[in-house]
Amino acid sequence: MSPASGRSTAPKPASADDEGFKRELVQLIPHLRAFARTLTGDPTAADDLAQDAMMKAWDARASYQMGTNMKAWTFMILRNQFYSEKRRSWRSTQLDQEAAERTLVAVDDPEAPVALDELRQALNTLPEEQREALILVGAGGFAYEEAAEICQCAVGTVKSRVSRARKALQATLERGGYGRDGRAAGDAMRSILADADRLSGARQG
Amino acid sequence: MIDFTDSRRRQPAHPTDADDSSLEEARLRQQAIGVKLRHMFDEVVNEPVPDAFLDILRRADARTSGKDKA
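Here the protein sequences come in this chain order: A and B.
Residues -8 to 196 in this note's numbering are what the first sequence spells out, letter by letter.
Residues 112 to 181 in this note's numbering are what the second sequence spells out, letter by letter.
Extracted from the complex, chain B is given alone in its bound form (with noise of 0.2 Å):
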């Protein structure tokens, strides 16, 4: 790490307890986004799935093994 302070501290110390909440914040909110974002994904998958996906593997597997294209 590069260090940019100076020698000469004009403060004595780091304001860590507002440091230490505004990072806990930050998190709580990326958690929250995170749990939304899982939920609308989820969304969907819990969606029942429509007829015309398994149609769809049901004509190909008569493609395969009998080769029909009707």
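Same shape as in the complex, but just chain A (with noise of 0.2 Å):
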């Protein structure tokens, strides 16, 4: 039952291979962290699935190919460990939604970038696939073909879910269809690009 001890196969002694292996994983936290928070929307629990999936990446170490795409590789394992979660207890996901739709009417942090907090409400609003496929894509930096391998799905359906993303989000964005102290309609995507445009400037200069 218990997960690390008790296995038939003994562990492998540490190798070269696993000190390569764990120098990969170390420079990937940053990533799956960032890919964990998308998928939960929560900074702790976040953290918690990240590390999960850590663990069992460098359980699974033996199965790993090196030189293959690690990255894409542990994505997938964060990604089924995610799915696998929340289909073992449907009442967690009953309180993920409850979280996403708090989200959506309370935003609390007067400090927070207003461009942001309005691309992060607008995502909350896609479907789980749509959003996995639009983070990996556009801002994972993984090509259409991994992100197919990650979600275990065809490219033509990664393809079609990230573009059917990409009107949604700016519909909403346009729409501005939640409430954020009462302001208009189209205040949403505007902010967005004021500030993409100062982003991409900063970028350049």
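One thing to keep in mind: the hints can contain errors.
As the list claims (entries may be wrong) - Computed footprint of chain B on chain A, listed as stretches where at least three residues anywhere in the stretch have a Cβ under 8 Å from a Cβ of chain B:
no., region
1, 13 to 23
2, 34 to 42
3, 116 to 130
4, 160 to 166
5, 183 to 190
FYI, nobody ran anything at the bench for these hints, they're computed from the structure.
Just so it is clear, CB atoms sit at the ideal spot from N, CA and C, and this is done for glycine as well.
Taking the hints as your guide, dock the two standalone chains into a single complex.
Below you can see the structure in the form of structure tokens.
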């Protein structure tokens, strides 16, 4: 029952392979945290999930082929972990939904950058599979093929999910379909345009 | 492609200018969303990694080499 002890196969002794694996894994931690944050929407739950995924990856290191895409491999582990935990308990799913709904109505941090808040909220309105596809391709830097591997679906499916997500996101932001200080519709898109302008200007300059 | 257009054209030409500018507008908006999306993700990537993560790996290491469960 306990995951680490009592396995019939004894753990391998520490080796050069293990060291290399660990070095790569450590470098991936920030990315795993970011992906987990977008899946759970909650920093604490995200770190728990990322830590679980990291442990799973470490325990499964014998099945990883060095030199292949470790980032995609660990993302797949994290994603599987997320969905199996959700399946295990419908109650936590309910809680997730309630949390998401709360986030949609309540924006309580006045210091938070406006455009980022609104993007986060708009993301929360997307169906899960669209959100994860968009994050992987649009923010995680994965090719459609890699995202398809991570989500264990066809490349065409990822493409259509990303495309639908982009359209829906833009529509939501333009409609401003959620309240924030009673500001007029269209403000969300405007602030995102302005902020993106500033960000890309800073990058070039 | 299926051609739905009737041979009897009522309009001599499409309002191409308007089409182009709204396409350009949509492209700009998608680009802006993309920039923000990456920014949002990178913000977390750039956070310092909590010690707990490295502690876990250290413990895993001890388990592998020493098999102690302390």
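Each hint tested on the structure:
| no. | hint | in the structure |
| --- | --- | --- |
| 1 | 13 to 23 | holds (count 6) |
| 2 | 34 to 42 | holds (count 3) |
| 3 | 116 to 130 | holds (count 4) |
| 4 | 160 to 166 | holds (count 4) |
| 5 | 183 to 190 | holds (count 6) |
Going through the hint list in order, the structure satisfies each hint without exception.
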